[in-house]
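Line order of the protein sequences matches chains A, B and C. Each residue of the first sequence is one higher than the one before, counting from 1 in my numbering. Each residue of the second sequence is one higher than the one before, counting from 1 in my numbering. Each residue of the third sequence is one higher than the one before, counting from 1 in my numbering.
Hints in this document: simulated from the structure, not taken from any laboratory. Note that the structure is predicted; figures quoted are calculated from it, not measured. One thing to keep in mind: the hints can contain errors.
Since the list gives no way to pick one copy over another, a pair counts as held whenever it fits inside one copy or between any two copies.
Here are the computed lysine-lysine pairs in the DSS-like style, where the Cα-Cα straight-line distance is at most 25 Å [unchecked claim]: (1) Lys145 - Lys191; (2) Lys25 - Lys145; (3) Lys25 - Lys80; (4) Lys145 - Lys24; (5) Lys168 - Lys24; (6) Lys80 - Lys168; (7) Lys145 - Lys168; (8) Lys189 - Lys145; (9) Lys168 - Lys191.
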Amino acid sequence: MFYTIDILGTIAFAISGVLVAFNKKMDLFGILIIAFVTAVGGGTLRDLLIGDTPVSWMTDITYTYVILGAAIFAIIFRSKINYLRTSLFLFDTIGIGLYTLVGIEKGLNAELHPIICIALGTMTASFGGVIRDILCNEIPVIFRKEIYATACILGGITYFLLREFPIKDNYVFVVAGIVVIVVRLLAVKFKIALPNIYSKDHV
Amino acid sequence: MFYTIDILGTIAFAISGVLVAFNKKMDLFGILIIAFVTAVGGGTLRDLLIGDTPVSWMTDITYTYVILGAAIFAIIFRSKINYLRTSLFLFDTIGIGLYTLVGIEKGLNAELHPIICIALGTMTASFGGVIRDILCNEIPVIFRKEIYATACILGGITYFLLREFPIKDNYVFVVAGIVVIVVRLLAVKFKIALPNIYSKDHV
Amino acid sequence: MFYTIDILGTIAFAISGVLVAFNKKMDLFGILIIAFVTAVGGGTLRDLLIGDTPVSWMTDITYTYVILGAAIFAIIFRSKINYLRTSLFLFDTIGIGLYTLVGIEKGLNAELHPIICIALGTMTASFGGVIRDILCNEIPVIFRKEIYATACILGGITYFLLREFPIKDNYVFVVAGIVVIVVRLLAVKFKIALPNIYSKDHV
Numbered sequence: 001m002f003y004t005i006d007i008l009g010t011i012a013f014a015i016s017g018v019l020v021a022f023n024k025k026m027d028l029f030g031i032l033i034i035a036f037v038t039a040v041g042g043g044t045l046r047d048l049l050i051g052d053t054p055v056s057w058m059t060d061i062t063y064t065y066v067i068l069g070a071a072i073f074a075i076i077f078r079s080k081i082n083y084l085r086t087s088l089f090l091f092d093t094i095g096i097g098l099y100t101l102v103g104i105e106k107g108l109n110a111e112l113h114p115i116i117c118i119a120l121g122t123m124t125a126s127f128g129g130v131i132r133d134i135l136c137n138e139i140p141v142i143f144r145k146e147i148y149a150t151a152c153i154l155g156g157i158t159y160f161l162l163r164e165f166p167i168k169d170n171y172v173f174v175v176a177g178i179v180v181i182v183v184r185l186l187a188v189k190f191k192i193a194l195p196n197i198y199s200k201d202h203v
Numbered sequence: 001m002f003y004t005i006d007i008l009g010t011i012a013f014a015i016s017g018v019l020v021a022f023n024k025k026m027d028l029f030g031i032l033i034i035a036f037v038t039a040v041g042g043g044t045l046r047d048l049l050i051g052d053t054p055v056s057w058m059t060d061i062t063y064t065y066v067i068l069g070a071a072i073f074a075i076i077f078r079s080k081i082n083y084l085r086t087s088l089f090l091f092d093t094i095g096i097g098l099y100t101l102v103g104i105e106k107g108l109n110a111e112l113h114p115i116i117c118i119a120l121g122t123m124t125a126s127f128g129g130v131i132r133d134i135l136c137n138e139i140p141v142i143f144r145k146e147i148y149a150t151a152c153i154l155g156g157i158t159y160f161l162l163r164e165f166p167i168k169d170n171y172v173f174v175v176a177g178i179v180v181i182v183v184r185l186l187a188v189k190f191k192i193a194l195p196n197i198y199s200k201d202h203v
Numbered sequence: 001m002f003y004t005i006d007i008l009g010t011i012a013f014a015i016s017g018v019l020v021a022f023n024k025k026m027d028l029f030g031i032l033i034i035a036f037v038t039a040v041g042g043g044t045l046r047d048l049l050i051g052d053t054p055v056s057w058m059t060d061i062t063y064t065y066v067i068l069g070a071a072i073f074a075i076i077f078r079s080k081i082n083y084l085r086t087s088l089f090l091f092d093t094i095g096i097g098l099y100t101l102v103g104i105e106k107g108l109n110a111e112l113h114p115i116i117c118i119a120l121g122t123m124t125a126s127f128g129g130v131i132r133d134i135l136c137n138e139i140p141v142i143f144r145k146e147i148y149a150t151a152c153i154l155g156g157i158t159y160f161l162l163r164e165f166p167i168k169d170n171y172v173f174v175v176a177g178i179v180v181i182v183v184r185l186l187a188v189k190f191k192i193a194l195p196n197i198y199s200k201d202h203v
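Only chain A is shown next, with the shape it has when bound in the complex (with noise of 0.2 Å):
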């Protein structure tokens, strides 16, 4: 089951990468790259960092399938994507919180600090999408308006607190990652961000 939320994960990251290279009018090639970068970035950087090499996606062909695959659908129906907003919206919102917890379970194997362990979860589930930004050099949109790190950060916490009392790893697991996604579904909803630190007349 975690298998297929990853998968379902990968598939909305890649077409969001898809998206974002389209507004940059890059050609067949540039919107692949940006496609796998989107949904493999993040976990290459955090195995890179731990050391875990082979990355991840080179020894699994899975996750080249379906990111061709998305990419490939979504560069056909793009007209029509916007059919599926909700549903890629809930893809990466399920995603993020897999890929946190994956991130996290990565980190305690390597038998790092708890605080290291949640910013390589949080690593996981957002740098996809800095190395996406920095490729179609924009600045990063989650340096600017943060959209999932909080989330990720709270599942964290959650799941460091839960692993203190005599509650079964599944658990745990399942837990955390609902705190993610229903943190990041309350943000969206309610259009909660992160505190202005800029005084108003500034901005």
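Here the structure of chain A is known, so what remains is to put chains B and C in place on it, guided by the hints.
Coordinates of chains B and C only, in the frame set by chain A:
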């Protein structure tokens, strides 16, 4: 002989980096870094992703000398470099043929899937230019007007097809390399590009 | 004592990151990431290239606390940070002296060529700023107006020259570090830059 080609490719890549850095009015240090990154960036990314560290240019000092020499040459004779345009284009083209195959063989050594090997080959040949463009604050030219990647991919496919037949490894290597070179030369000569996916009236 | 210098350098780098992120109107998350990247980016790249993973800031949580503390301090007192300009410049300068030597010694441990070791030292001291500028969508300032690298390179050369003599390792380390610091201070005081390679009438 492969080593000679490698060095000629490195020279061509380094000089192309110098020329881009000139246009950005970089200082001496910036120019050297861009020359370096253009020449070894693709191989460095490949080595990082498969975990082959220290990365290759760090363990063979020849690359450093060649890149420094080529960069200083290009800085001193920059007003005359146009006379070398054809030679540089040939070095560059032969270089990507070789780099593609070096990437593929490194992927095979790491026991990766043929598609991942071809991706590593293409990355070796083309991502030096991608990193160069990012450092110069441009959208990578290869994502907008594809100039390399199709040739690398076709050469890679040739490589894996030929391996199915009882042909000596050396011949497979040479023929696949020639495919990369010929496809690239034809593409440049006949101005062949990837199919345009944007409708005319929107461009 | 080296650890204290390291921490002071980390503080200065983190605060410089916060100030750049402010100018880009980043939100709280973006500011923290830029502070982090500026402080540890150079060492992270070095560790990745030589394959020393998990990278160093992941295995010593102190860096995370120091960077978070420095960033929050800089955010709260940002209107007053000008009063600290001289202290921060000194921390920063002492920091690059130390970082250069840490990079060199890591290169020696990996049995790399002296030139590669000096490159690693320079990278440790200066590539945090490069990654910061890329994330902020700027051409790295160090490529246009060199502010660090020459000092790092001269300090590195001093280090390897002194090692030829029967001098205690600690002294070599300290003298080379002082060379970095003095060259940088003199360069800033007397506005020394790399020779301009662009003819006046073209600029």
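A quick look at each hint next to the structure:
For the homomeric pair Lys145 and Lys191, the shortest alpha-carbon distance inside one copy (11 Å) is at most 25 Å, but the shortest distance between copies (39 Å) is not. Taking the shortest alpha-carbon separations for Lys25 and Lys145, both the intra-copy value of 24 Å and the inter-copy value of 10 Å come in at or below 25 Å. When the C-alpha separation of Lys25 and Lys80 is checked against a cutoff of 25 Å, the pair qualifies only within one copy, where the shortest distance is 18 Å, while the shortest distance between copies is 35 Å. Taking identical chains as interchangeable, the C-alpha atoms of Lys145 and Lys24 lie at most 25 Å apart whether they share a chain (20 Å) or sit on different chains (12 Å).
In this assembly of identical chains, the alpha carbons of Lys168 and Lys24 never lie at most 25 Å apart, being 47 Å within a copy and 44 Å across copies at closest. Neither within a single protomer nor between protomers do Lys80 and Lys168 lie at most 25 Å apart by alpha-carbon distance, with minima of 43 Å and 50 Å respectively. Taking the shortest Cα distances, Lys145 and Lys168 never come within 25 Å of each other, neither inside one copy (36 Å) nor across copies (53 Å). Taking the shortest Cα distances, Lys189 and Lys145 sit within 25 Å of each other inside one copy (15 Å), while across copies they are farther apart (39 Å).
For the homomeric pair Lys168 and Lys191, neither the shortest alpha-carbon distance inside one copy (34 Å) nor that between copies (62 Å) is at most 25 Å.
In this structure, the earlier hints numbered 5, 6, 7, 9 are contradicted, and the remaining ones agree with it.
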